[in-house]
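Asker: This is what each chain is made of:
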Amino acid sequence: GAVVSQHPSRVICKSGTSVKIECRSLDFQATTMFWYRQFPKQSLMLMATSNEGSKATYEQGVEKDKFLINHASLTLSTLTVTSAHPEDSSFYICSARPPTGQGSHFTGELFFGEGSRLTVL
Amino acid sequence: QQQVKQSPQSLIVQKGGISIINCAYENTAFDYFPWYQQFPGKGPALLIAIRPDVSEKKEGRFTISFNKSAKQFSLHIMDSQPGDSATYFCAASRRGTNAGKSTFGDGTTLTVKP
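Residue numbers (our numbering), protein chains in the order written: chain A, 1 to 121; chain B, 1 to 114.
It is possible that part of the hints are untrue.
As the list claims (entries may be wrong) - Here are the simulated EDC-like cross-link-like pairs (lysine to aspartate or glutamate), alpha carbons at most 16 angstroms apart as the crow flies:
(1) B:Lys101 - A:Glu59
(2) A:Lys55 - A:Asp65
(3) A:Lys41 - B:Asp106
I should point out that these hints are in silico values taken from the structure, not numbers from a laboratory.
Sequences are here, hints too, so could you generate the full structure?
Answerer: Pasting the structure below:
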């Protein structure tokens with residue numbers, strides 16, 4: 001299946017610093033990627049939809065100035081947690097959606113990255 | 001408002017048994033229903049998915065049963081193995097401009113005992 005690479009897998013930072021997480025689709029061009037946050041033993045909470053070449057669409061309650069998303073190319077989206085605090089510690093996951101209308105790819109299927117564990121001290 | 005309700009929250013099954021996880025949705029506009037498997041510390045991976053024009057889909061030991069009128073779908077894992085121990089999420093999404101913007105269930109932690 002398609003591969004989505006997420007980096008770093010783990011990051012520890014001091015409170016007040018910024019952390020960037022990368023999400024790359026390795027074998028297809030993803031015009032749309034999604035960023036999620038997952039707390040222990042909980043479901044995925046959609047944070048924002050990242051669209052290549054345009055501004056991200058944030059879900060209600062997600063601070064866009066806190067969680068900066070950049071989708072500069074068809075294979076890369078980044079999530080920057082700015083001025084991180086301990087409450088931002090979480091598991092962040094991205095997913096990418098293959099292009100629609102191409103071959104057997106159908107709308108709806110998502111490929112997830114491996115996740116990034118952020119710990120803010 | 002939770003649009004996809006998943007049950008049970010946790011499930012313990014003996015090796016070789018059948019694991020059944022259920023989901024119910026509310027939005028009739030949903031037209032794609034995947035199940036994802038997630039191991040600790042990893043991202044989810046697509047296990048199997050179904051569209052509402054069929055009532056059942058089987059891939060190996062994994063089967064989705066879909067009841068459109070009841071707005072319910074379930075995952076059956078036959079001959080459950082310890083390696084199946086993971087958290088399973090059902091999801092639902094729509095085609096069109098929101099394609100891929102899935103709504104997830106709360107997850108079911110499956111433990112298969114040897």
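Asker: For each hint, tell me whether it holds in the structure or not.
Answerer: Verification of the hints:
| no. | hint | result |
| --- | --- | --- |
| 1 | B:Lys101 - A:Glu59 | holds, 11 angstroms |
| 2 | A:Lys55 - A:Asp65 | holds, 12 angstroms |
| 3 | A:Lys41 - B:Asp106 | holds, 9 angstroms |
In summary, this structure violates none of the numbered hints.
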